[in-house]
Every structure is written in structure tokens, then in C-alpha cells.
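Residues in the sequence shown are numbered consecutively from 1, following our numbering.
The hints are simulated quantities; they were obtained by calculation from the structure and are not laboratory data. Here a beta-carbon is modelled for each residue, glycine too, at the ideal position from N, C-alpha and C. Any given hint might turn out to be false.
Claimed, not checked - Calculated cross-link-like contacts (lysine-lysine; reagent style BS3-like; alpha-carbon spacing at most 30 Å): (1) K14 with K119; (2) K45 with K33; (3) K33 with K14; (4) K41 with K119; (5) K33 with K107.
Claimed, not checked - Just the calculated beta-carbon pair ranges, DEER-fashion: (6) T26 with S59: 19 to 25 Å; (7) Q111 with L67: 21 to 27 Å; (8) Q52 with V118: 21 to 27 Å.
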Amino acid sequence: MNAFLDFAIFEYTKEELIERVQEYLTYGVEAAKLFNEASPKRAVKYIRPIRQQLDNEYSRYSRGEVLQAVRKSVAANTYYDWLETVSTNTVGPITSQNVESFLDNMKNYAQYYFPNAVK
1 MNAFLDFAIF EYTKEELIER VQEYLTYGVE AAKLFNEASP KRAVKYIRPI RQQLDNEYSR
61 YSRGEVLQAV RKSVAANTYY DWLETVSTNT VGPITSQNVE SFLDNMKNYA QYYFPNAVK
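Given the sequences, and given the hints that come with them, work out the whole structure.
Dropping the structure here:
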């Protein structure tokens with residue numbers, strides 16, 4: 001997965017952003033399998049870097065000129081809103097106690113913002 005999208009230079013289509021969300025959701029599915037089949041600790045270890053990537057994207061796109069570019073595109077703005085919602089609704093680090101909630105949030109908010117992203 002590319003670390004960051006460049007909204008200042010490129011205008012991404014809704015389909016491209018749906019694919020990006022689906023990539024995150026694929027990691028979520030794998031973490032859920034680990035949670036159910038192995039242990040919550042393994043799921044936490046697996047999903048923490050993904051959570052960090054989500055948080056980093058949200059932080060980067062929140063910056064002045066990038067946010068201005070994001071706000072010009074409906075699709076980019078929707079993607080940003082999804083990142084913001086997922087990033088800010090789980091406070092603190094991912095733990096064995098909140099990993100399942102975080103995974104549910106990723107999926108549920110994706111379904112809200114990008115109904116076609118969730119299969």
C-alpha cells in the first residue's frame with residue numbers, strides 16, 4: 001500500500017478510493033481471523049501498523065494545503081471523512097480489549113461512507 005495519496009497533484013476517482021478502503025478492510029478481515037482463530041494479542045500485533053497508517057494518513061491530509069485540495073473533491077473529502085472517523089473513534093493504542101471494536105468501526109464506517117466498498 002502506498003504510504004500516502006497526493007491529493008494536491010492527483011484527483012483520485014471514487015473507485016480508486018474505494019479500492020484503497022478495501023485494502024484496509026482486507027487487513028481488518030485478516031486481523032479478525034487472527035482474533036477468532038489464534039488470539040487477540042496476535043490480532044493486535046497484526047493490526048497496529050494498519051491503525052498507525054490510518055492515523056498517519058489522517059494527520060497528513062489534515063494539513064493546510066492538502067486539506068484544501070481534499071475538500072475540492074467529493075470522493076477525496078469522503079475518504080478523508082472516513083479516515084477521520086476511524087482514526088478518532090478509537091482512543092489510545094489498539095489493545096486486546098478494543099481490537100474487535102476497532103475492526104468493526106473500520107468496516108461499519110466504510111459501509112457508511114463507501115457503501116460499495118464492503119462486500
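Do the hints match the structure? See the list:
1. K14 with K119: Holds, at about 16 Å.
2. K45 with K33: Holds, at about 13 Å.
3. K33 with K14: holds (28 Å)
4. K41 with K119: holds (27 Å)
5. K33 with K107: holds (14 Å)
6. T26 with S59: 19 to 25 Å: The hint (19 to 25 Å, Cβ to Cβ) holds, given that T26 and S59 are roughly 23 Å apart.
7. Q111 with L67: 21 to 27 Å: holds (25 Å)
8. Q52 with V118: 21 to 27 Å: holds (23 Å)
Of the numbered hints stated above, none is contradicted by the structure.
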